[in-house]
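Just need the whole structure built from these sequences, with the hints factored in.
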Amino acid sequence: MRSAIRQKINLEKLSQTKLYQSMEKIVIKSVQFEAYGQDIERLKEHKPVTKGSPLQKLDPYLDNEGLLRVGGRILTGDVLAGSNGPIIVPKKSHVARLLIKHHHQKCKHQGRHLTEGAVRSAGYWVMGAKRLISSLLNSCVICRKLRRKLETQKMGNIPDFRCKPSPPFTYVGVDTFGPWEVTARKTRGGVANAKRWAILFTCLTSRAVHIELVDEMTSSAFINSLRRFVAMRGKVTEFYSDRGTNFVGSTDALNINAINIESPTLKKYMVENGSTWIFNPPHASHMGGIWERIIGTARRILNAIIMESKKPLTHDVLNTFMYEVCAIINSRPLANVSVDPTQPSVLSPSVLLTQKTEVDYGPFQAVDVKDMYRSSWKHTQLLANQFWKRWQQEYLYSLQTRRKWTYSKEDINVDDVVLLKDSDTVRYEWPMAVVQRTFPSKDGHVRKVELRTVRNGTCIT
Numbered sequence: 148m149r150s151a152i153r154q155k156i157n158l159e160k161l162s163q164t165k166l167y168q169s170m171e172k173i174v175i176k177s178v179q180f181e182a183y184g185q186d187i188e189r190l191k192e193h194k195p196v197t198k199g200s201p202l203q204k205l206d207p208y209l210d211n212e213g214l215l216r217v218g219g220r221i222l223t224g225d226v227l228a229g230s231n232g233p234i235i236v237p238k239k240s241h242v243a244r245l246l247i248k249h250h251h252q253k254c255k256h257q258g259r260h261l262t263e264g265a266v267r268s269a270g271y272w273v274m275g276a277k278r279l280i281s282s283l284l285n286s287c288v289i290c291r292k293l294r295r296k297l298e299t300q301k302m303g304n305i306p307d308f309r310c311k312p313s314p315p316f317t318y319v320g321v322d323t324f325g326p327w328e329v330t331a332r333k334t335r336g337g338v339a340n341a342k343r344w345a346i347l348f349t350c351l352t353s354r355a356v357h358i359e360l361v362d363e364m365t366s367s368a369f370i371n372s373l374r375r376f377v378a379m380r381g382k383v384t385e386f387y388s389d390r391g392t393n394f395v396g397s398t399d400a401l402n403i404n405a406i407n408i409e410s411p412t413l414k415k416y417m418v419e420n421g422s423t424w425i426f427n428p429p430h431a432s433h434m435g436g437i438w439e440r441i442i443g444t445a446r447r448i449l450n451a452i453i454m455e456s457k458k459p460l461t462h463d464v465l466n467t468f469m470y471e472v473c474a475i476i477n478s479r480p481l482a483n484v485s486v487d488p489t490q491p492s493v494l495s496p497s498v499l500l501t502q503k504t505e506v507d508y509g510p511f512q513a514v515d516v517k518d519m520y521r522s523s524w525k526h527t528q529l530l531a532n533q534f535w536k537r538w539q540q541e542y543l544y545s546l547q548t549r550r551k552w553t554y555s556k557e558d559i560n561v562d563d564v565v566l567l568k569d570s571d572t573v574r575y576e577w578p579m580a581v582v583q584r585t586f587p588s589k590d591g592h593v594r595k596v597e598l599r600t601v602r603n604g605t606c607i608t
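Going by my numbering, the sequence shown opens with residue 148, and the numbers climb by one from there.
There could be a bad hint or two in this list.
[Unchecked claim] Derived lysine-lysine pairs resembling DSS-like cross-links, with alpha carbons at most 30 Å apart:
| id | residue 1 | residue 2 |
| --- | --- | --- |
| 1 | K238 | K296 |
| 2 | K589 | K556 |
| 3 | K301 | K458 |
| 4 | K311 | K255 |
| 5 | K198 | K301 |
| 6 | K248 | K277 |
| 7 | K255 | K176 |
| 8 | K194 | K204 |
| 9 | K568 | K311 |
| 10 | K589 | K551 |
| 11 | K204 | K277 |
| 12 | K255 | K277 |
| 13 | K292 | K248 |
| 14 | K342 | K457 |
| 15 | K589 | K382 |
| 16 | K239 | K176 |
Bear in mind the hints are in silico, worked out from the structure with no lab data behind them.
The following block contains the structure:
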């Protein structure tokens, strides 16, 4: 009884399989006749296909069931695909798209090479398969999530204030780096260690650098470092930074007008000092590349100094090292070192800050008190004019070319669905978001957007 039931079930499965196979052949024959009806009629009459037909190079033939297959010199075709040649499927048919989608899903959304191999191994020859597969993979949502490149836009223009001479540290970029462990105090059991961080101030025009050491990453410590910097370097027109919590907190404490912040304030500090704080968008470290690159240089210099030093690292020693780092960075050439013997000096920020160069100009002529008052300012002005002249000729023109992001791309629009890159998680866990607003730049391209996403079950912007 049981064996009879099993045989009945097998017969039902077998009949169902045969039904599917016969339906598949009927659909493919219909699609083939719709696309290559004239060639099929000629093959039935044992005539070759028409000249100029897309099937001409395939040397097609009709099998016993009337299916159009690939012929050629090897009549048995691919052994893995059966005793006959692959079945020809027209590229403009919906069946071809369904076949490619099916085998693309079977090979777990791999690339064009694996997808095309899966279709061919299944015994199908899709006309124009490479282009069709590439088109389908480009529109596959899962493939976009797993392998699509990050969106970029043509590199923006340099801000106006970076192209005009201005007093040092008028436009300043701010960032923090660290920490370092230092010996804070000695105890009976040994020594107590503490951490120190550095606040980097860089002039966005002359590329000069000033570093302040802080003992904690708080708004209060940052405000003290900022007051020391302003007392030494003078009033700052605009500050630029990322959205670090210590920076955002200090703008309220100092009453600085914070542009691009959710609730801007205009209070006493801005009225008295005329300073403006501009924050870069979150997750856009490339917009602060002008100070991020200097931080990398400062780290490498500091590591070399600490490695060569045999002294224990204390707050005073680390502070001294920071000033040495500033001196080395400020003496760096802003442009290529010239081989012209008429220009022996190097264009560096220290020339503007200290009005000194390492080049020996020979002994000065004898002057009296009247000459001192008459020409000392001229000497200072001459060094400054030489700096800005060479700065424009040698350094500013080097910023003209775009080294990457050289082509304009399609701008992101409102209501677009995007994938948010998260370096802390794997790619298939990156969250999705919807574009709420766009902020076009002066050239009309969109480089800043406001997004709405869901995090921990809560919709946030």
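Here is how each hint holds up against the structure:
no., hint, in the structure
1, K238 to K296, "holds, 28 Å"
2, K589 to K556, "holds, 16 Å"
3, K301 to K458, "violated, 49 Å"
4, K311 to K255, "violated, 55 Å"
5, K198 to K301, "violated, 48 Å"
6, K248 to K277, "holds, 13 Å"
7, K255 to K176, "holds, 29 Å"
8, K194 to K204, "holds, 15 Å"
9, K568 to K311, "violated, 36 Å"
10, K589 to K551, "holds, 19 Å"
11, K204 to K277, "holds, 17 Å"
12, K255 to K277, "holds, 18 Å"
13, K292 to K248, "holds, 17 Å"
14, K342 to K457, "holds, 19 Å"
15, K589 to K382, "holds, 28 Å"
16, K239 to K176, "holds, 15 Å"
Of the hints listed earlier, those the structure fails to meet are numbers 3, 4, 5, 9, in rising order.
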